Amino acid sequence: MVIGIALAFPAGFIVFLDNVSAVSSSLNNTVELNLFLDMEVNEKQATALKDRLATHNDIKETILIKNDEALSEYKKLSGFDNVLDALDENPFPHLILVKPEFNNVVDTKVTRLVNELIEIPEVENIQYDSKWINRLVKIIDIVKLVVLILSALLVTAVLLIIGNTIRLSIYNNRDEIEITKLFGGSDSFIQRPFLYSGFWYGVFGSFVAWLLVIVSISILDAPIKKLSGLYETSFQLSGLGIANTLFLFGIGIFLGLIGSWISVKRHLSSIEP
Amino acid sequence: MIQFTNVSMIYPGGNKALQDIDLSIEKGEMVYISGRSGAGKSTLLRLINLIDRHTRGQIVIKGQNLERIKSKRISLFRRNIGFIFQDHKLLNDRTIFDNVALPLVIAGNTHQDIKRRVQASLDKVGLLSKINSYPMELSSGERQRIGFARAVVHRPSILLADEPTGNLDPALSWEIMKLFEQFNQVGVTVMIASHEIDMIRHMQKRIIILNEGRVINAS
Numbered sequence: 001m002v003i004g005i006a007l008a009f010p011a012g013f014i015v016f017l018d019n020v021s022a023v024s025s026s027l028n029n030t031v032e033l034n035l036f037l038d039m040e041v042n043e044k045q046a047t048a049l050k051d052r053l054a055t056h057n058d059i060k061e062t063i064l065i066k067n068d069e070a071l072s073e074y075k076k077l078s079g080f081d082n083v084l085d086a087l088d089e090n091p092f093p094h095l096i097l098v099k100p101e102f103n104n105v106v107d108t109k110v111t112r113l114v115n116e117l118i119e120i121p122e123v124e125n126i127q128y129d130s131k132w133i134n135r136l137v138k139i140i141d142i143v144k145l146v147v148l149i150l151s152a153l154l155v156t157a158v159l160l161i162i163g164n165t166i167r168l169s170i171y172n173n174r175d176e177i178e179i180t181k182l183f184g185g186s187d188s189f190i191q192r193p194f195l196y197s198g199f200w201y202g203v204f205g206s207f208v209a210w211l212l213v214i215v216s217i218s219i220l221d222a223p224i225k226k227l228s229g230l231y232e233t234s235f236q237l238s239g240l241g242i243a244n245t246l247f248l249f250g251i252g253i254f255l256g257l258i259g260s261w262i263s264v265k266r267h268l269s270s271i272e273p
Numbered sequence: 274m275i276q277f278t279n280v281s282m283i284y285p286g287g288n289k290a291l292q293d294i295d296l297s298i299e300k301g302e303m304v305y306i307s308g309r310s311g312a313g314k315s316t317l318l319r320l321i322n323l324i325d326r327h328t329r330g331q332i333v334i335k336g337q338n339l340e341r342i343k344s345k346r347i348s349l350f351r352r353n354i355g356f357i358f359q360d361h362k363l364l365n366d367r368t369i370f371d372n373v374a375l376p377l378v379i380a381g382n383t384h385q386d387i388k389r390r391v392q393a394s395l396d397k398v399g400l401l402s403k404i405n406s407y408p409m410e411l412s413s414g415e416r417q418r419i420g421f422a423r424a425v426v427h428r429p430s431i432l433l434a435d436e437p438t439g440n441l442d443p444a445l446s447w448e449i450m451k452l453f454e455q456f457n458q459v460g461v462t463v464m465i466a467s468h469e470i471d472m473i474r475h476m477q478k479r480i481i482i483l484n485e486g487r488v489i490n491a492s
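First to last, the protein sequences are chains A and B. Just so you know, we're using my numbering here: the first sequence kicks off at 1 and counts up by one. Just so you know, we're using my numbering here: the second sequence kicks off at 274 and counts up by one.
Treat the hints with care, as some may be off.
[What the hints assert, rightly or not] Pairs of lysine-lysine, BS3-like flavour, derived with a Cα cap of 25 angstroms:
#1 A:LYS265 with B:LYS343
#2 A:LYS265 with B:LYS345
#3 A:LYS60 with A:LYS76
#4 A:LYS66 with A:LYS76
To be clear, the hints were calculated from the coordinates, so they are not data collected in a lab. Every value quoted in this text rests on a predicted model; they were computed, and no experiment measured them.
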């Protein structure tokens, strides 16, 4: 049980990191550059520029949002219909949404593209949300590092727990070991059952950890769905998955075997007939 | 078969357990080692089974110089030897079958072979009916006979016994000694350490007498 709880934390961290990575990459993947055109640029020129940009090697897609579309949308959203109707001219410029070929907002290529586009005479201003995404990615990197260190500590703790359990088991079976040695039992023969124990500690520990993570995810799922609903996103908490489950069991078994092997090597030689 | 040449054994504390022992025991011989408590009888047997290592001299068993046997090879060497202890050294949480089967399990015999040999061995000591019992359910004499069955089940070429009749009454002691004799008759070298000099004189075998770690009579 203790092994299971100790393993559940790194397993939970894996799930946490997977989900955080999913969130950050989805943010990264939504790189869009808003090119606000000069007020003097007419619809024909804007369309021509949109088509020209679409042929750029670093640009995947361009969408033109005409100034009258922007105005009607703003009217709908703001409710200032009367005020806006009173204006002589449309205050909105034409806007070209540019989706670059590369998806990572922290990529220096994005900065290079922005610098290139801002030089186009028809472009008045470019907006893209890079700073906070950049910060978020950096924070996630630090969190990943902290999680890695914590996981390493917990894995060491599992190793020590298994080692100590096997040590106690060795001392509880002292008489049997002694008698087995007297009748020609080799070290590897004596080690075998303790290694099997380590293996099963790993298997059961991993199973308990897996169960704890599954239960935790099912408890957290509904509140997170609600939260993502509030942000109008369809984010869904992902579980361990097959690969991570296999990894968890693999690590558990590996730690069980290594822990018991180290313990047996250290303590078996001290028991002599 | 067993050759001691100028063998001494001094324990780390400085206790001289054996001093300048020269002994020769032939293949198929049955020998008693006698002497007072602390004379070095048990140490002599422990050196043969490599439980302890001698500090001087040379011990050669079946052509093997014990000094040259590395720690990793000790287990293999011990598989040729049967050992009977005064305190039986049985596993109380295992059945008689499991206890007697231990040397065969260690040697990697098949389940069928183990079953057959354990039954034969228990039959030999007259305790086949106790095959599924636990050591604590048996009397001291029965436990010693189980110890005997375990020591011979893997057909060792040397059988060592350290005070095998120490806790037994004369009738049971005699019975145990007869078992040793029977086993010796099939060619096994038998060495028995015992302080019961009157009883072993009746067995009409060679008696090696030790005193303060030295052989005082080996005729």
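Hint-by-hint comparison with the structure:
1. For the hint pairing LYS265 of chain A with LYS343 of chain B, the CA-to-CA distance comes to about 18 angstroms; that is within 25 angstroms, so the pair holds.
2. Between the alpha carbons of LYS265 of chain A and LYS345 of chain B the distance comes to roughly 14 angstroms, so the proposed pair stays at or under 25 angstroms and holds.
3. Of the pairs offered as hints, the one joining LYS60 of chain A and LYS76 of chain A is violated, with about 30 angstroms between alpha carbons and a cut-off of 25 angstroms exceeded.
4. In summary, the hint linking LYS66 of chain A to LYS76 of chain A is supported, as the alpha carbons are separated by about 16 angstroms, within the 25 angstroms threshold.
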